[in-house]
Amino acid sequence: MAVQTPSVQPPSQAPAAPGDQPARRRASGRLRLTAVRFSRNRMALFGLVMLVLLFLMAYVSPLFYKWDYTELDFTAFQKPPSGEHWFGTDQTGSDLFALTARGMQKSLVIGILTGLICTFVAAAVGAGAGYFGGWTDRSLMWVVDLLLVMPSFLIIAVLSPLFQGTTWLVFVVLLAAFSWMITGRVVRSMTLTLKDREFVKAAKYMGVPAPVIIFRHILPSMASMLIIDGTIQVGAAIIGETSLSYFGFGVQSPDVSLGTVIATGTPAAPSFPWLFYFPAGCLVLICLSIAFIGDGLRDALDPNSSGAKARAPRTAKSTSTEGRTS
Amino acid sequence: MGRYLLRRLINHVALVLIAASLTYFLAAISLNPRANFAGRNPPVAASSVTATLNDYNLNPDTPVVVRFAHWANGVAHGDLGRTVTGGEVNDEFARRVGVSTRLLLIATILGSIGGVLVGAWGAIRQYRTSDRVTTLASFFVLAMPVFVIAVTFKLWAIDINDAVGHKVIEYTGEYDPGLTGTGEILLSRLQHLLLPSLTLIVIQVALYSRYQRSTMLDVLGSDFLRTARAKGLSRRAALMKHGLRTAVLPVVPLLVYNVVLLFTGATFTEKIYGWHGMGEWLVNSISTNDVNAVAAVGMFTAFVVLIAGLLSDVLYAALDPRVRVR
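First to last, the sequence lines map onto chains E and F.
Heads up: the first sequence begins at 1 in my numbering, then just goes up one per residue.
Heads up: the second sequence begins at 1 in my numbering, then just goes up one per residue.
Worth double-checking, as some hints may not be accurate.
What the hints assert, rightly or not - Covered stretches of chain E, as calculated for chain F (at least 3 residues, CB under 8 Å):
{"hint": "1", "segment": "90 to 96"}
{"hint": "2", "segment": "138 to 150"}
{"hint": "3", "segment": "153 to 167"}
{"hint": "4", "segment": "238 to 247"}
{"hint": "5", "segment": "278 to 285"}
Worth flagging that the hints you see were computed from the coordinates, not collected in a lab.
All values reported here derive from a predicted model rather than from experimental measurement.
Backbone N, C-alpha and C fix where the C-beta goes; we use that ideal spot for every residue, glycine too.
Working from the sequences, and respecting the hints, build out all of it.
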């Protein structure tokens, strides 16, 4: 490792704030700095604007759009996009724009919930394993290893008959259950180094209980990593959800998700291409904007981890969970 | 080192066995093979259904533990049980592994080489137009669920076929069974191979080029590369002999890991293009309530993860002298 002298460092790479400044000022300064860095990244800004627009499309547009996703227009079957039906209609006369908006609502909620749960579990388990060490560590890491070996796609698909007719929240829990392990490992190894730092030791010797130390001292110190990872997990969860739903193993029939909308459109797509391209395009835009935002956040929050160092070792084993099932 | 590896191996094998058993339990509890006989015309007598299911060790009324014991005993003797239609899981297994191998062989080789080259090229030309274009393209591909890529290719192929007037690009199955003559069969196989290979290659190039680009960027700023240039090597020779060779090393284990995982990971590609490989079996066995087949796929997946992990660890040690010395 080359030792970097401060003089060689470009100004944008300078640490967020010197450690000896008051905590309050450092926090607000850090936030502003992050925001400035983020907004300087054009791709990230584009992603953010795009995602806001997609959210508006999913949640606001149904309020004033003419058609409801359950309504059928018996004067228009398999009609291409027009002023009347923005994305066209399918063989039963349902409006594809309304369906897509409805599907996006579910996919976005599932993605965000899964990302949140998964980051929380990863943080709690990883920090617990790293902080307590010993048998806690060994058994928790064994669970991580086991879940990594378990074929997640297969297990969720196998369990799908069981949650048929119940709520889609079960599906969220399952998705989250199979996606926290790699982050958990990273959190654990970061905890191992933080455990010996003075501020943690000081808290410990003052008699602060372990859970408080973990949630008030250890986890905030790795907040940037957790935020970045959470963002990426949201994208991964949306891809996982739509992929499972595409085969009918995910969101079940009274509910509509982007995956089910695309799946119903696909068989007719050779003759009526809009049935596939519009919902699939929306899905790609969602995932793309989330990826851009995640990348921008990484640059803004963690400028010293140039892609490789932060990502290569971590993703080295993540592929089984990340759901890159081709 | 040897003892460490041995202990890890034993631990991993135990994990695979537990994962396989868990998969069997979940599948046996969740799936209902009796449903396959419902709605047959003429209707099958309940008693004969029960007899058949008992015969195949698939009767949901038999306690799970009893079924599991029977299955585990068979597996220990190398017999994976019977499929829901009465065939041997072993035969189906062997056939499908063959199909997957034929699909993956060319695609993974081209995909890996392509990913390394595109990534290294992007790093050398950092921030120029070509780098921006490849980076953006890989972001785009990675934001797409695989089924979206596969279906899009299929739709394009249909358009091209329509434009040309006859079927140039095939998109269903592995070969045309009606053909005779070595040349024709070979051509037909190539025609069928084109689209699924292209799908897998695009995904792999996008994924691997991200890693390769960041490792290459690290190497480009290194002192030893400057030394190589300073001693008079041409830029090209320095980049190829000293740069790329060093930068590929950390990527190779990752590559191997991903390639091995593709064996069951090519689910969407196989399913959408109608190749009857392992990945397709994963989806089909679940939709046909084929408990023993699901268990076989689950076990194989866990096994593949194990092999991939071990192989990438060994490769890492073999390729990187720093790890070897330790």
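Original post:
With a cut-off of 8 Å between beta carbons, are at least three residues of the segment 138 to 150 of chain E near chain F?
Top reply: holds (count 5)
Original post:
Residue count check for the segment 90 to 96 of chain E against chain F: does it reach three with CB-CB under 8 Å?
Top reply: violated (count 0)
Original post:
Mind checking, does the segment 238 to 247 of chain E have 3 or more residues with a CB under 8 Å from chain F?
Top reply: holds (count 5)
Original post:
Residue count check for the segment 278 to 285 of chain E against chain F: does it reach three with CB-CB under 8 Å?
Top reply: holds (count 3)
Original post:
Are 3 or more residues of the segment 153 to 167 of chain E near chain F, judged by a Cβ distance of less than 8 Å?
Top reply: The restraint on the segment 153 to 167 of chain E holds, since 9 of its residues have a Cβ under 8 Å from chain F and three suffice.
In this structure, only the earlier hint numbered 1 is contradicted, and the remaining ones agree with it.
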